[in-house]
Amino acid sequence: MIKQTLGAAALAAAVFALPAQAVEFNAVQADKTQIAFTYKQMNVPVDGKFRTSAASIAFDPAKPQAARASLEIDLASIDAGSQEANDEVASKLWFNTKAFPKATFVSNSVKALGNNRFEVTGKLSIKGKTLDATAPFTFKQEGTNGVFDGAFVLKRADYAIGEGMWADFGTVANEIQIKFHVVAAAAAAAKK
Amino acid sequence: MNHSTDRYSSTAKALHWLMALGLFGALGVGFYMTGLPLSPQKLQIYSWHKWAGVSLFLLVLLRFAWRLGHRPPAPVPMPAWQRLAAEGVHHLLYLLMFAIPLTGWLMSSAKGFQTVYFGVLPIPDLIGKDPDLGNLLKTVHVSLNFLLLALVAAHAGAALKHHFLDRDATLRRMLPGRS
Numbered sequence: 001m002i003k004q005t006l007g008a009a010a011l012a013a014a015v016f017a018l019p020a021q022a023v024e025f026n027a028v029q030a031d032k033t034q035i036a037f038t039y040k041q042m043n044v045p046v047d048g049k050f051r052t053s054a055a056s057i058a059f060d061p062a063k064p065q066a067a068r069a070s071l072e073i074d075l076a077s078i079d080a081g082s083q084e085a086n087d088e089v090a091s092k093l094w095f096n097t098k099a100f101p102k103a104t105f106v107s108n109s110v111k112a113l114g115n116n117r118f119e120v121t122g123k124l125s126i127k128g129k130t131l132d133a134t135a136p137f138t139f140k141q142e143g144t145n146g147v148f149d150g151a152f153v154l155k156r157a158d159y160a161i162g163e164g165m166w167a168d169f170g171t172v173a174n175e176i177q178i179k180f181h182v183v184a185a186a187a188a189a190a191k192k
Numbered sequence: 001m002n003h004s005t006d007r008y009s010s011t012a013k014a015l016h017w018l019m020a021l022g023l024f025g026a027l028g029v030g031f032y033m034t035g036l037p038l039s040p041q042k043l044q045i046y047s048w049h050k051w052a053g054v055s056l057f058l059l060v061l062l063r064f065a066w067r068l069g070h071r072p073p074a075p076v077p078m079p080a081w082q083r084l085a086a087e088g089v090h091h092l093l094y095l096l097m098f099a100i101p102l103t104g105w106l107m108s109s110a111k112g113f114q115t116v117y118f119g120v121l122p123i124p125d126l127i128g129k130d131p132d133l134g135n136l137l138k139t140v141h142v143s144l145n146f147l148l149l150a151l152v153a154a155h156a157g158a159a160l161k162h163h164f165l166d167r168d169a170t171l172r173r174m175l176p177g178r179s
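Protein chains in written order, with full-length UniProt numbering: chain A, 1 to 192; chain B, 1 to 179.
Hints should not be assumed to be uniformly reliable.
To be verified - Below, simulated BS3-like cross-link-like pairs (lysine-lysine); rule was C-alpha separation at most 27 Å, straight line:
hint, chain 1, residue 1, chain 2, residue 2
1, A, Lys40, A, Lys129
2, A, Lys40, B, Lys42
3, B, Lys129, A, Lys49
4, B, Lys129, A, Lys179
5, A, Lys179, A, Lys32
6, A, Lys140, A, Lys63
7, A, Lys140, A, Lys123
8, A, Lys179, A, Lys129
9, A, Lys40, B, Lys129
10, B, Lys42, A, Lys98
11, A, Lys140, A, Lys92
12, B, Lys138, A, Lys179
13, B, Lys111, A, Lys92
14, A, Lys40, B, Lys138
15, B, Lys42, A, Lys127
16, A, Lys92, B, Lys138
17, A, Lys155, B, Lys111
18, B, Lys161, A, Lys49
19, B, Lys129, A, Lys32
20, A, Lys49, B, Lys111
21, A, Lys111, A, Lys40
22, A, Lys102, A, Lys127
23, A, Lys40, B, Lys111
24, A, Lys49, B, Lys13
25, A, Lys63, A, Lys179
26, A, Lys32, B, Lys138
27, B, Lys42, A, Lys155
Simulated from the structure, these hints should not be mistaken for laboratory data.
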């Protein structure tokens, strides 16, 4: 009788332990998450960054095809390298932040590239325009956190970021390097 | 009257006048550009100013190295205090020719904008981005330029005084051509 109970408990433990192995990282840690970028003006690389205002992720490294991600970036939070630049990029010619305060990314699919490398494809919306975007990223587990690091090149002209006198790429280059660093805790850890 | 017809060599003259031209150009552009509203043109002018600054720094290195190996002609006879004042101003001018581009470079780095010479050669940042330090270095850079203007006024004023009032060779021996 006791043996049977123990056996059942062991079985139950084994069964309940199974879903726990497939860890889903879905509690985004906003304070550790950052969207950084590098643009070139007169061939001078200048670094900047955004704060994400909202992000939701569901990622299980064992089932990347089921992963989902959506990010919302508060464009007013920009640090474009100097106060003068911050004021300028809020204007109509750049982000037109008053009319379009947020940039959003919603994933369509994630596929594994092997070696902890993945590729996410989705819709990136900026300044009223929505286009397909693809970015490779790496995934790393640090304790109970999942850390996603990726980068891609955004062509500012695709979204009319920098119009009028800024449209020419002679001063500010078209290609903007975007780097994202997203930290999400595992589901179980998040409940604590 | 002592006929000190000893003139500066053509290399010394070329370095002197090239430096004068370059400093005036960069300084004029520097004062002009800071008041501009942000535009592609402003970013271009800033870059040109920085390229000019790097060029002038290289030029003063060259000039100083050349000067170490070549003595200038003996001073035109003048009261001792005038000779001392002239020497003092010359030393300060050399100091500023080094210090002004250096503070400009440091200020650029502190403000987070690296200097990329002619848009091709990145000049390393000696200090990291630090807006407060950047503003302080800007004040230093601008103040040194005002000091430069004052010293150049004294330098040129003294040369003109020697030329027109004392009628000696001080200015003539630095002028291009032979006489």
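Is B:Lys111 close enough to A:Lys92, meaning Cα to Cα at most 27 Å?
Holds, at roughly 25 Å.
For the pair supplied as a hint, A:Lys140 and A:Lys92, is the alpha-carbon distance within the 27 Å limit?
Distance of about 39 Å is beyond 27 Å: violated.
Taken at face value, is the distance from the CA of B:Lys138 to the CA of A:Lys92 at most 27 Å?
Not OK: A:Lys92 and B:Lys138 at ~30 Å, beyond 27 Å, violated.
Is the hinted pair A:Lys40 and A:Lys129 satisfied, with a Cα-Cα distance of at most 27 Å?
23 Å, holds
Assess, step by step, whether the Cα of A:Lys49 is no farther than 27 Å from the Cα of B:Lys111, and give holds or violated.
Roughly 16 Å between the alpha carbons, so the hint for A:Lys49 and B:Lys111 holds.
Taking only the CA atoms, is the gap from A:Lys140 to A:Lys63 under or equal to 27 Å?
Cα-Cα ~15 Å, so holds.
For the pair supplied as a hint, B:Lys138 and A:Lys179, confirm whether the alpha-carbon distance does not exceed 27 Å.
31 Å, violated
Quickly compare the C-alpha distance for A:Lys40 and B:Lys111 to 27 Å and report which way the hint goes.
15 Å, holds
Hinted pair A:Lys40 and B:Lys138, Cα distance within 27 Å:
23 Å, holds
Does A:Lys179 lie within 27 Å of B:Lys129 when you go C-alpha to C-alpha?
19 Å, holds
Would you mind confirming whether the straight-line C-alpha gap from A:Lys102 to A:Lys127 stays at or under 27 Å?
Since the Cα atoms of A:Lys102 and A:Lys127 sit roughly 8 Å apart, the hinted pair holds (cutoff 27 Å).
With a cut-off of 27 Å on the C-alpha distance, tell me whether B:Lys42 and A:Lys98 pass.
OK: B:Lys42 and A:Lys98 at ~25 Å, within 27 Å.
In the structure shown, a violation is registered for the earlier hints numbered 11, 12, 16, 18, 21, 24, 26, in ascending order.
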